[in-house]
Amino acid sequence: MRPNSGAVLALSLFAGLAATGLARAEEAPQASPQACEVPAYLLNTESVLPKVTEAVKNGRPLTILVVGSRSSTIAASADSAYPAKLQAALKEKLPSIPINLSVELQPGKTAEETDATLVKLVEAKRPTLVIWQTGTVDAMRSVDPDDFRSAVDEGVAALQNAGADVVLVNLQYSPRTETMISAPPYLDSMRVVAQQHSVPLFDRFAIMRHWNDAGDFDLFSTFHGTDMAKRVHGCIGRALSKFVLDAARLDQAQQN
Amino acid sequence: MSSIADPVAGTTLSDSKAAATSAPAIALPVAGERELRLDLFRGMALWLIFVDHLPTNILTWFTIRNYGFSDATEIFIFISGYTAAFVYGRAMLQAGFVVATARIMRRVWQIYVAHVFLFTIFLAEISYVATRFENPLYSEEMGILDFLKQPDVTIVQALLLRFRPVNMDVLPLYIVLMLFLPIILWLMKWRADIALGLSVLLYALTWHFDWYLTAYPSGFWIFNPFCWQLLFVFGAWCALGGAARMSRILSSPVTMWICITYLLFAFFVTLTWHIPQLSFLMPKRLEQWMYPITKTDLDVLRFAHFLALAALTVRFLPKDWSGLKSPWLRPLILCGQHSLEIFCLGVFLAFAGHFVLAEVGGGAVTHALVSLAGILIMWGVAWVISWYKHSADKDASKNKRTGGNADMAGGSV
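If you're matching them up, the sequences are chains W and R in order. Going by the working numbering, the first sequence opens with residue 1, and the numbers climb by one from there. Going by the working numbering, the second sequence opens with residue 1001, and the numbers climb by one from there.
Careful: at least some of the hints might be erroneous.
Said to hold, decoys possible - Result set (SDA-like, lysine to any residue): computed pairs, CA atoms no more than 25 Å apart in a straight line:
no., chain 1, residue 1, chain 2, residue 2
1, W, Lys230, R, Phe1220
2, W, Lys109, R, Lys1284
3, R, Lys1284, W, Ala157
4, R, Lys1149, W, Ala157
5, W, Lys109, R, Ile1222
6, W, Lys125, W, Val48
7, W, Lys109, R, Val1300
8, W, Lys109, R, Tyr1216
These aren't lab readings, by the way, just hints derived from the structure by calculation.
All chains should be built: construct the whole structure from the sequences, respecting the hints.
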């Protein structure tokens, strides 16, 4: 049950629902091919980030910790990876507040292996918000999805207990390795955990697939340079900033 | 099933149900009768599996997994159990346990060879990808290709069915299920209900003790055979008279309404996956009880969903429905009649489709075209295979038919 824009569209029609977000998504590529617009439904979340909201409202600095595997960076140009882009976008939108962002890469570690270090990291850095990107390593090692789900579940619970807001980031959409890495069970598990803990889930997979389908990026490309990786990360960073502000219910307040 | 002989001529004998009900242990429908509904739905399952294996596109809307819990795999395994029991059950009654077992083992060997053949193609594809594709965006994901550095281990593990690339999980499951078919049939011949009971027991114990088969390099079998055997055995049980004995339950309006209610419920739940805005309608308690709906262990909710679908199908699509002979359904039925070949072709076409999309690129239209082309190829090949069996191999099959009809029919299981 991979969620997909096609099925969404069909189902919406089926249910007779007017989906304005989808309609916009269909038109986006014609307007500007490199705009990497994200349809609204992929950036809306029911869940909230109370600690982020509070920090921003009180003018306190926002400390963000990104925990992730290698897909949270670009080799040899970490400054162009999405965490740095997220920081830049947040600074732009919240000019009055210092944004401290640090990245803790856990290359090659499964969610369960990351669990062990999460609490220590939070105690050391005292972040307002932890952005936890996970799932890729588990999918590559075909960890039992049940084990993966309970590992993410425990990790999120530990982060919440330690007093941080949490945003989960799922796998990249990687069409070239689709015949080798089975993403759906891990995407589903993360969605379930996010629902159970009322944690916002940034659906990187669906967003990247949307860009690929809409023609913003050709993610099948065999292009060897880092140019495309940089552009994709730039777009992800910007989308993630919108997502965080939306989940913290800050977007309108700050921009008006 | 005398499939090869003449699928069209051996169509339907309208009501063998009544005859079958009277037989106590196992009842085999009359020889020469061909259940076109089975072919139709197996053909459909094959198309759906193919479409689900491709990157998502317009055609993916039409696959049933978007509208409920179960998907085409359930249909495929159930019908495989049904037809295997049908064919080899008769062989066991007529020729005895040893001969039937020998024929089943030959079939297992064919499926195994088919699996290894597909693995070879897969290996060729990804080796190509590994040498050509170096997008830094995916440096992490490309790590999956590291296994190519140890072909000695990988290939041996593949031959042992422990290393299975994505989308190549159905055949190993099928092989294991077929390996145990002699015992299943032997038990069924003795007491069909006890065989089914044991199967349910194994399913329950597997859930309780969390049994599974490990895979290489890590992980487990995507389709847990200890769980999926339930569908296969249930299919066999239905073929050997169970379906006939259930006919009263199946035709009751209560059953119908339970099925419709459940299917609507499942449809609504799936809707909340696709349209997250609706998820607030789902009670938290229900979510906690229900999720995750595991495919690996054939969740009860999935099994029930399949049962509901099957019950409604049997009710509203009678055996002698004239539409089954319509030329419009012919492609599906043809594919269903040569399921092993078409299944393998489907897996290969899915690889090929990925590859074409990767090389050519292109948007939604190309995606849909690739899916359509694949389905047309499956139809064409099914037609060629049936042409071979009817025309090209006519003499050979006449000679063989005297020897063992069941085994040849097994060629279409």
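Which numbered hints does this structure break? Violated hints (numbers, rising): 1, 2, 4 and 7; every other hint is consistent with the structure.
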